[in-house]
Amino acid sequence: MEKQKWILPYVNQYRRLFVLSLFLGALTILLGGALMFTSGYLISKSATRPESILMVYVPIVGVRAFGMGRAVFSYVERLSSHSLILRILSSMRVKLYNLVEPQVLSLHSAFRTGDVLGLLANDIEVLQNFYLRTLFPAIASLIIYTVIIISAGLFSIPFAILLAVFIGILLFVGPTVSLVYVKTNNESIKKGRNQLYQQFTDGIIGISDWIFSGNHSKFINNYIKKEEDLYLIESKKQNFVSWRDMINQLVVGTCVVASIAWAGGLSESGETSPVFIAAISLAMLSLLESFLPLSGEISEITTYQDALDRLEKIGKRPSNELNKMAAYPLPNTNNLLLELENLTFGYQQEKILLDGITATVKQGEKIALIGRSGSGKSTLLKLIQGHLQPTAGAVRLGGQNVVKNSLDMTKWMSVLNQKPYLFNTSLMNNIRLGNPEASDEEVYQVCKLVQLDDMINHLSNGYETNMQEAGQRFSGGEQQRIALARVLLQNTPIVLLDEPTVGLDPITEIKLLKTIFETLKDKTIIWVTHHLVGVEHLDRILLLDHGVFSLEGSHQSLMKLEEKYRRLYQLDHPF
Amino acid sequence: MDRALFTLKGIKPVLWKIGIITVLQSALIILQAYTLAEAISSLFRGDLLSSVFKNLALYLCALMFRQFFVVIKNNSAYHFAAQISDALRKSLVQKLFQLGPQYAGEEGTGQTVTLVMDGILKFRKYVELIMIKTINMLIIPMGIVIYSFWFHPRSAVILVAVMPILIAFMVLLGYAAKNKADQQFHSYQMLANHFIDSLRGLETLKYLGLSKQHVRNIKRVSENYRQATISTLKIAFLSTLAMDFFTMLSIATVAVFLGLGLINGSIQLAQALTILILAPEYFLPLREFGADYHATLDGKNAGKKMEAILMEKSLLQAKEEVPEWCPAREFSLQGVNVQFSDQQTAGLKEITFKVTGAKKIGIIGESGAGKSTLIKLLSGFIAPVCGEFQVNGKRISTLSAQDWQKQITYIPQKPYIFTDTILNNICFYHPEATEYEVSEAVKNAGLMELVQSFPNGLDTLIGEGGRSLSGGQEQRIAIARAFLAKRPIIMLDEPTAHLDIETEVELKDTMLRLFDSKLVFFATHRLHWMLDMDEIIVLDNGRIVETGTHSELMNKASAYYQLISAQKGEC
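Keeping their order, the protein sequence lines are chains A and B.
For what it's worth, the numbering used here labels the leading residue of the first sequence as 1, then goes sequentially.
For what it's worth, the numbering used here labels the leading residue of the second sequence as 1001, then goes sequentially.
You may find that some hints are simply not true.
These stretches of chain B come out as covered by chain A in the derived footprint (C-beta under 8 Å, 3 or more residues) [said to hold, decoys possible]: (1) 1109 to 1116; (2) 1223 to 1231; (3) 1240 to 1251; (4) 1559 to 1567.
Calculated directly from the structure, the hints in this document are not laboratory data.
As the structure is a computational prediction, the values presented were derived from the model and not from experiment.
Backbone N, C-alpha and C fix where the C-beta goes; we use that ideal spot for every residue, glycine too.
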């Protein structure tokens, strides 16, 4: 059963709160019944014209107490169930985080990782509704059901059985039929809607092209037509729901009639006083109404399925990443050697991405790694950091296999990538992430190095500016500089640059590169890039093609010896 | 109910219909209560079960017809809302196309799609709910009060008196909750988004070596979030508490007064019971209205937003004859200005130039100088504030004319690849192309090898959900499309900016072949293209500062020269 992992453990973990919420939920409904019961009793008793009002004093107090009690308990119940849900959400977040954290770097980059993870976070919020709208009411209804059947059973077993059957229709048959019918319906609505979403998004992205093509009325008509088709399916569901609710109402009416008949029978035979006829029927009327929403709530279970499935999948993903072993300390040396030895890797067995790469990088060396998109440049960086297990061969840092040291790797290597993430907190906090122990002075220092100090001092909140509010205002170049400041604080001997200038205009790019190489001049740099701006000052250039380095050498020697390299370089430096 | 709703076409008959049904429904609610009360009181008097059979049957009949009316009412509101939103959707989508890419670009694609697809559904729900719930609230309680007043004025007075108190409390508490929520909105938002923020930035945390210990922050923030939420909910739920409290209290009070009335004989049991059964029904419409209030608010806001879009000024016009462009002709702009409503985006100023024949025009300038804006202007996606266009001596009031736009092929940074086969993607501009024409275009665009590598060839599905293509391959699809369309004008906006250099080298020859004997406008940062241009327009701050060929401009050693030096990092 798939639900076990994301639902049952939490029910178990928060047993007591769970029971409390259910108890309060059931109590609220029962108090509503009790109010009507006492009211019915009160006026029936009054109709016998007792001599004194004192004869009905107890029920008078009762109706008030039950009435107010119901309101108050319903309030407390809502608070306690929400409090429970929020606790469960907290635990789910931690669980999801712990599941995702080890595998985040091996999630395939075909889709944007950040977006996928954002979706998962939303899925957890969706599950909240499952608890509040489906699970709690369903269980509370079961409790009420049991209470009604048992109380009826105390007086008459056949009547209890009759009620069990009738209410069973509301509680079991209605929801089941509804679930089966609505499920297929919901699925086709969802499928249709997703397709339409896709199609319409496509259309809006390509709006210029549609206008140029002169065919946009075709697109519009097609879209409208599909919406209409979808509406027909939705109408079917709407129709079903209307009639289902009507039948449920009739079942409630029948139960009430049956209760009256039964209570009338009891009083006729003298088993109970006639004052209970009104009490019992009114109480039934009130209690049975609590079952009415159930069919609708249960049948919407299907809408939570997607969220559950996605969460399940993330738990089941076979991770390319390894279980970390105890970390060996690396020799603290100023002469840190990075060696790639016959390094071979493929995400799938049959498709080799890197095919036996061998290279040595000395401390302080600056290397550019170029190649087409998809040639494996970024994968190579992940292997170097020890986040992936090579199929064959090894990466060694200071003579030790990086895979075994990956816990410690962030002390030796830092990364500046294409889209550095800036967290929704102050600028100061964002930069200090590089080294949480850094003093304010040190942060100011690195900001000066990356030439951000002027810009920051001009902000009205300075270093306390929040990223989210200002996020739109920081240009791509500035965002990279903030990330660079972070990397400087991290202060590792090796820095990996993963296309940090993609998407920047050429002038910003060249300035940023200048700052990067100035501030990192003592470090070992491995720079993945997709073109040849700024490569002149590097020690070595490696061109990755079909899993091997097809060109290798300094800029000067490649210019001299390699026609292909000259042609590429020409494109970036035409005159 | 919102006044704007009354302006919806055809709403009045629907409102009348729902109103009349609701009156009938109220009568049935009273009948239902009455028959039930009759049956109970007659049993109470000691009558035989068989004698109340008629009343119980009547009760079930009344119940059935009442629910039947509910179904009819719901259905007619549902269909009316659907009809209204269908019409709205149609005009909204048409409007989006009339506004052109500029609007969707400013609003964001995601936002626009969500507004049209989800917004209309919400609006539909709003129209559907608000009609029924409002009419219910107006008619049903009134019917019940009139009935109660007839038999037991005291009960009626209690019911009527409690309503304004109840509404006042709900409104007051609603405001209190809103205030509370507003007060801590910022910290609240921060807490709420912390988890998503953490997951989105997880990769970065990992690189920083902080990902393991960050779980503690998640726990802590989640806990703070829970506390903040609960303290807001404590107030937010108060309005429901007030509603429950007063409802229950007034039912209890009615019951007590009915009891007193019975003791002193001023009312019969059957009537007292009827009123008691009716009391909860009296409050039901208000409770339902309150429960759906927030859902309807969303729909109402979506409706307003859509209304605002429909009020925007349209850009595209179908009626304007523009002469067909051919190599011997002339195209000119005179004193064209473009201004954006937000001051941050630079517009264009005093744009004047003239092109004769099939020329390749490079457009260059720093980022923010107005390159893309110029391309959009020439494509007719931005309306100029002033200035004029001429094609072959004929003055044209706007470039947003279908006659002009259908002569243009457009190749942006990320070409439009929609979810369909390669064939349909290539035939986009020219759906009637023959097989031979298509295969020529595929060959010319250098796509043959790729197409042949797929088992389904041209019928291979691409786009979202299909085979994913690399950036270079997507550009080739766009180029094949352009080869096939054979349109005389090509607009390019940074088509190679995001490509790796090897791919760009391979694409260059193909693109140059495509440009042959066409009028080409090519905005780019990539300088090497300038050598292949017949003329270069240099933009700075929205103005044309220089025009000429590469060597002319280099010799001038002015703006163009400086731009190049800056790009080389030499200044």
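**OP:** Identify every previously stated hint that the structure contradicts and give their numbers, smallest first.
**Re:** none
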